[in-house]
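Chain by chain, the residues run as shown.
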Amino acid sequence: MGKFIAKRLLQLIPILVGITFLSFALMQLAGGDYVTTMLENTGVAVTQEVIDARKAELGLDRPFIEQYLSWLAGLLHGDMGTSFVSGKDVFATFVQHLPATLLLTLSSVIATLVISVPLGVYSAIHHNKAADYIVRVTCFVGNSLPNFFVALLLIYVFALVLGWLPVISPMPTLGASGVDLTGLVLPTATLAIAMVSKYTRQIRAAVLEELGKPYVAAARSRGVAGRTVLFKSVLKSCMLLIVTLLALSIGDLLGGTAIVETIFMWDGVGKLAVDSITMRDYPMIQAYVVWMAIIYVFVNLVSDILYRALDPRVAQQEVKA
Amino acid sequence: MTHTGKGLSRRGFVGLGAGVGVAALIGQSVFGAQAPCGALADGATFAYGTTGYGPEMDDAGLNPHANYSGWSCVRYGVGETLFKFSDSMEPESWLAESYEFTDDTTVVIKLREGVRFSSGRAMDAQAVKECLDDLLAVHDRAPLDLEIDAIEADGMTLAITTKRPKPALINYLCDPYGAIIDMQAGVSADNNVAGTGPFVATSVSDTEIALVANADYWGGTPSLANVSVRSITDGDTLTMALQAGQIDASYGLPYASYALFENPSFNIESCETSRAFFAQANYASPVMSDPAVRHALALGIDKEGFVEVLLNGRGAPAAGAFPSNFAFGNDTVSAPAYDPEEAKRVLEEAGWVDSDGDGVREKDGQRLHIVWLTYPGRQELPLLAESVQFSLGEIGFEVEVNCTANHTSIRTDTSAWDVYASALVTAPTGDPEYFFSATCVTDAPKNFGGYSNPDLDALAEQLSEEFDTGKRAELATQMQQVILDDDAYMFASHLTMGIVSRAGVSGIAPHPCDYYEVTAGLAVA
Amino acid sequence: MSRLSNATVRKMVVFAVLAVLLVLAALFAEHLCPYDPYAQNLREALQAPSEAHLLGTDRYGRDMLSRVIMGGQSSIASTLVCVAVVALIGTAVGVVAGWRAGVLDTLLMRTSDVFLAFPGLVFALAVAGVLGGGIQNAVIALCAIGWPKFARIARSQTLAVCDASFIQAARMQGTKGLALIVRHVLPNIAGPIVVCAVLDIGTMMMELAGLSYLGLGAQPPMAEWGSMMSDGRSMLQTAPWCVLAPGLAIFITVLVFNLLGDTLRDYLDPKKKGSAS
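Chains as they are written, first to last, in my numbering: chain A, 1 to 321; chain B, 1 to 525; chain C, 1 to 277.
These aren't lab readings, by the way, just hints derived from the structure by calculation. This structure is a prediction, so every number in the text was calculated from the model and none was measured. Glycine included, C-beta positions come from ideal geometry on N, C-alpha and C. Possibly wrong hints are sitting among the right ones.
[Stated by the list, open to error] In silico contact screen, one side only, chain B against chain C (beta carbon under 10 Å); selected entries:
(1) 159
(2) 161
(3) 304
(4) 353
(5) 355
(6) 356
(7) 360
(8) 362
(9) 385
(10) 391
(11) 398
[Said to hold, decoys possible] Distance condition first, Cα-Cα at most 25 Å in a straight line; then the derived DSS-like pairs of lysine-lysine:
(12) C:176 x A:198
(13) B:129 x B:110
(14) C:11 x A:198
(15) B:363 x B:163
(16) B:163 x B:110
(17) A:55 x B:344
(18) A:213 x A:232
(19) A:198 x A:213
(20) A:88 x A:129
(21) A:236 x A:213
(22) C:11 x A:129
(23) B:84 x B:129
(24) B:344 x B:363
(25) B:129 x B:163
(26) C:11 x A:7
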């Protein structure tokens, strides 16, 4: 196991170099640079000297390879540079925005599991009956709406029309009356709706497949209670599926769902990424890309480990291949 | 099987239902009914939502000597400049009482008595000198604008000497970078400063500023104890936050949202600013170098339609570079009005005919095809582009719109565009010289089309040395007419800025220069 | 062994017909539009649905129904192209990787890892920056990010099939290399890939809409559902038809293709008891 983990972590290095170089190159090719973009936004004319001076300050006048290598060297020393936009340390800023995304990820995943697993199982058990169709239709609907639209609709209905929840989500706070999570509800709901729609269908399909297997009928004919069969065998084999889905989704969520974060003014890394890309804040963009690479490798690693733990056949298959 | 299945899922559903119910209860108890009219959204704090604050606008933090943060310092009532602009963009006294030019390069400024910084220090000429010296040392634009040679401080009198005659010096001192702060108190780690304004910031971040009333303010303590400025970048979120009562006033609403607030529960304060949406012709382009084409293009922009419909009436069609409330504004110049028939006639006469019946004119084998370069950063520009694309199409143009955030590099490549539409604050200091020197004279920094007219350059020379404001206005009018007659620049409209607030709120309104928002007079009925 | 029921086949045919209808509507959009989708008439802007304009008008006074129909052309065509390209490239890469294990396999899979790890957002924005905006470039961006998924599936399917007895049998008969792949491997892995592709149509369409929301995607005055929704979102409260019309169009199209994909999966994989009657 240890060797397996070490090998996978080692793969992190080429991936990191690969994607940071790619993103740096893309940004360069994409043209525009922080200084001119930002000065343009204010709509006030500035002389070329001012622009050039600022660029030199930020090292933007050096050739591309030099900029990349110096960034890479900095990274190896643990220094991710300073943001062009705020002038603050990139690593510190990034870490500052991370908890918000982590919180949103956690709550979305919990909400999704809590809703989709029972729903998927229920739907499978009652397949082809009215309840099943209702669930399936709802899932299709949830799958077919762009997330920014869902977000706006949710705000409109729950914040404006019903007035139950705030439009702008305040960060959860610890007050006299306990934890105030109201700001978390709408962003979580937006993300959860999309995920629940996806998960429920797949869980339903997996459960159905399991239920159709001969051993289930055999167990039932032996008099084993349905519930026991359900819990012991069916759900256990669904765990594999759930683990895979979770791995993918957590990977996505931890990257910060930029659109949702922007609409709800949720100060997470996704919003940070979009803002940085628009402003061509290279150091921050690179930090974000590094972060995504780490998540990717890490999440895949964890899911692979769980996979092997849950299903010993997988380990054997790997040896064979 | 069904029995146990129901049992399992029933439990699941009950749990779910309970969860939703609990969430609803929490929501109700924390937010309950909407805040009643007249009360503030957030207890005792006035919540002000704006799209204009943040690192993307280069104005995060309150340090006037950094980038555009001076705008935030002045807008939110923390700092004040020596002079401020009246509603007609004339400098009037603020921290300074009066000024007098003793000669072409020296001005003597008398300061107001009894002003204190929020750090406790009394403001005197020495403090102002320290502040301005620091500004000139660290800021990028200020030294070039002001060209100050030396500052002498004596009691409450300041003597400023410039390197060459600067008729617009006082105007430039109204720029927010000139906000006077206590240099001894300095700039804190979170970019907070000690100013002289009606409010003091207790915490500053990239997305929020918390303000408290300055009890020692020289103009009297503001009636509001707490103000919170919040950056909300998404226009729809801003709209809904205002509707839901989560904020008390907003700056930067999308045009489409104003209709929602045209009712007695809200006030809409508007004013025309000098931010102009205009197009410049690329003289290096074979199509645009034909004066008939330029004239037809100018005739083909439906300014009324653009403003009335696309901007929901929130704008003013423009003739010249400056809005009507200026002495050298729209009413003093004449520009082509929308006249598609005339445009077609002009093109026909010049030899641009549609020989192959495809709706696009040609001449000598050259199609009347233009690339309209613009950018999405200001919501009006894509609207203008799409409207123009159609109206010019009716006349026989083929317009290809390139609306990209990458315009800053594309505009320097004269083979890549024919018309460049942008937004610019044409008179940030109320003075006309800036626009021409930045945009229209030969080799000006924002003259991307290569326009060059020796008459204009000569007039610009005159303007740079003319001290008499009346004569300056005349020159400005003449210069605008030159560029309009050449059809080198076409002005579509000027921005009408709006601040929408809940009924009962007063003392917050936009200003033509866009510098002043939160003031001592801010009050809730 | 196959327990295909008539119900499954019937359902599949229904959805396939619907999908084909949608594609046809997209193909012949110009003839179906009651008005010119690009004709502006500022005096008639933002009118509610009426007899003259069944879905109302947008902020430029253009007929929404025509724009929705025309938008179908760009949205559906772009999505289909994108999915096709991604499926082809991904499958090719995956089959090669699975067939010729070893260094090539590792190389290809590591490359796909890099693309998978790469945040889609950054990539899309950067591509838009490099190539300029526009729907073709948005499609290119999505293609670049989307192929690894198919590569993975194709590879694992190929690996599974490699050892199958019929492959051994074909080999013993003398079929080799490319012929072996084309005649025996591809048909057997085609099923899951096709299903994945059809199901991916919905996702792609939404991602395209998402890119339009961020200002990439179709440039004016092109009618495309995602950008129409993005343009109209500020008017959700004042002129809801501007958002709801394209939204509904996306919804219906995605729904049809998802249902088609679902039934296709049931049809091709008889083990699944999704519709056991």
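We went through each hint and held it up to the structure:
no.: 1; hint: 159; result: violated (51 Å)
no.: 2; hint: 161; result: violated (47 Å)
no.: 3; hint: 304; result: holds (9 Å)
no.: 4; hint: 353; result: violated (23 Å)
no.: 5; hint: 355; result: violated (23 Å)
no.: 6; hint: 356; result: violated (20 Å)
no.: 7; hint: 360; result: violated (14 Å)
no.: 8; hint: 362; result: violated (21 Å)
no.: 9; hint: 385; result: holds (6 Å)
no.: 10; hint: 391; result: holds (8 Å)
no.: 11; hint: 398; result: violated (13 Å)
no.: 12; hint: C:176 x A:198; result: violated (41 Å)
no.: 13; hint: B:129 x B:110; result: holds (13 Å)
no.: 14; hint: C:11 x A:198; result: holds (21 Å)
no.: 15; hint: B:363 x B:163; result: violated (53 Å)
no.: 16; hint: B:163 x B:110; result: holds (21 Å)
no.: 17; hint: A:55 x B:344; result: violated (46 Å)
no.: 18; hint: A:213 x A:232; result: holds (14 Å)
no.: 19; hint: A:198 x A:213; result: holds (24 Å)
no.: 20; hint: A:88 x A:129; result: violated (58 Å)
no.: 21; hint: A:236 x A:213; result: holds (14 Å)
no.: 22; hint: C:11 x A:129; result: holds (16 Å)
no.: 23; hint: B:84 x B:129; result: holds (18 Å)
no.: 24; hint: B:344 x B:363; result: holds (14 Å)
no.: 25; hint: B:129 x B:163; result: holds (17 Å)
no.: 26; hint: C:11 x A:7; result: violated (48 Å)
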